[in-house]
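*Asks:* Those protein sequence lines, which keep their order, are chains A and B. For the first sequence, our numbering assigns the number 9 to the initial residue and increments by one for each residue that follows. For the second sequence, our numbering assigns the number 540 to the initial residue and increments by one for each residue that follows.
Rather than coming from a laboratory, the hints here were simulated on the basis of the structure. Watch out, some of these pointers could steer you wrong.
Unchecked claim - Which stretches of chain A does chain B cover? Using the computed rule of at least three CB atoms under 8 Å from a CB of chain B, they are:
| id | stretch |
| --- | --- |
| 1 | 52-63 |
| 2 | 75-82 |
What the hints assert, rightly or not - Derived pair list, reagent style PhoX-like, types lysine-lysine, alpha-carbon separation capped at 25 Å:
| id | chain 1 | residue 1 | chain 2 | residue 2 |
| --- | --- | --- | --- | --- |
| 3 | B | K617 | A | K106 |
| 4 | A | K106 | B | K563 |
| 5 | B | K617 | A | K76 |
Glycine is no exception: its CB is placed at the ideal position from the N, C-alpha and C atoms.
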Amino acid sequence: GNSVTQMEGPVTLSEEAFLTINCTYTATGYPSLFWYVQYPGEGLQLLLKATKADDKGSNKGFEATYRKETTSFHLEKGSVQVSDSAVYFCALDSSASKIIFGSGTRLSIRP
Amino acid sequence: DAGVIQSPRHEVTEMGQEVTLRCKPISGHNSLFWYRQTMMRGLELLIYFNNNVPIDDSGMPEDRFSAKMPNASFSTLKIQPSEPRDSAVYFCASRTGYGYTFGSGTRLTVV
Chain A
9 GNSVTQMEGP
19 VTLSEEAFLT
29 INCTYTATGY
39 PSLFWYVQYP
49 GEGLQLLLKA
59 TKADDKGSNK
69 GFEATYRKET
79 TSFHLEKGSV
89 QVSDSAVYFC
99 ALDSSASKII
109 FGSGTRLSIR
119 P
Chain B
540 DAGVIQSPRH
550 EVTEMGQEVT
560 LRCKPISGHN
570 SLFWYRQTMM
580 RGLELLIYFN
590 NNVPIDDSGM
600 PEDRFSAKMP
610 NASFSTLKIQ
620 PSEPRDSAVY
630 FCASRTGYGY
640 TFGSGTRLTV
650 V
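Bound-form chain A, shown alone (with noise of 0.2 Å):
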């Protein structure tokens, strides 16, 4: 079946220094791929998706690029900032229902 797998967290960063979170996914035909942030106390929000193969999705700072032959849809940002601290999430959705979850990386940013 389709899944997602993220790298596990914490991770945590000094302010400006670069950022990847890692995710792979296995699914079946050509699914949208998503990143979404969750700040403390809030829903999670759309950070960013690509739709096909070679697609950069880009958002914030935020770039990944839809991999396929890797499988692979990892979240970078050149430079992090102490308001980037929330959890991430990486989603696919394979069928326009549901979208399948990562189990979120949680990125914390030191000053």
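Starting from the structure of chain A, add chain B where the hints point.
*Replies:* Just chain B now, kept in the frame of chain A:
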């Protein structure tokens, strides 16, 4: 666009009491999802509806849980009787096309 609206934001109840959580999806969104989030189990899909019809309720933990969607603009999740292990944040999300929009959640505490 007011987003997905959930009520109440916080609920504290005694074990054995009935609890009703409410959700108003975004107008025009034809799918609605109920999730539960805890530290131990992460984000769990409980049930989802397409066009007001329940499609998959395999995630509903027990018969104590029930969900209804009487029309396109309103859904409820009911727990009767409630137990301390039901304490969690419950999220509602709606979608049309790709991606979800989440509500801010209801934090339920059963004492």
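*Asks:* Would you say the stretch 52-63 of chain A counts as covered by chain B, given the rule of at least 3 residues with C-beta under 8 Å?
*Replies:* holds (count 5)
*Asks:* Three residues minimum, CB to CB under 8 Å: does the stretch 75-82 of chain A make the cut for coverage by chain B? Let me know.
*Replies:* Per the Cβ count (0), the hint is violated.
*Asks:* Next pair to validate is A/K106 with B/K563; report whether the Cα-Cα distance is within 25 Å.
*Replies:* Within the cut-off at roughly 18 Å; holds.
*Asks:* Is B/K617 close enough to A/K76, meaning Cα to Cα at most 25 Å?
*Replies:* Cα-Cα ~41 Å, so violated.
*Asks:* Is the hinted pair B/K617 and A/K106 satisfied, with a Cα-Cα distance of at most 25 Å?
*Replies:* holds, 21 Å
Comparing the model with each numbered hint stated earlier shows that hints 2 and 5 do not hold.
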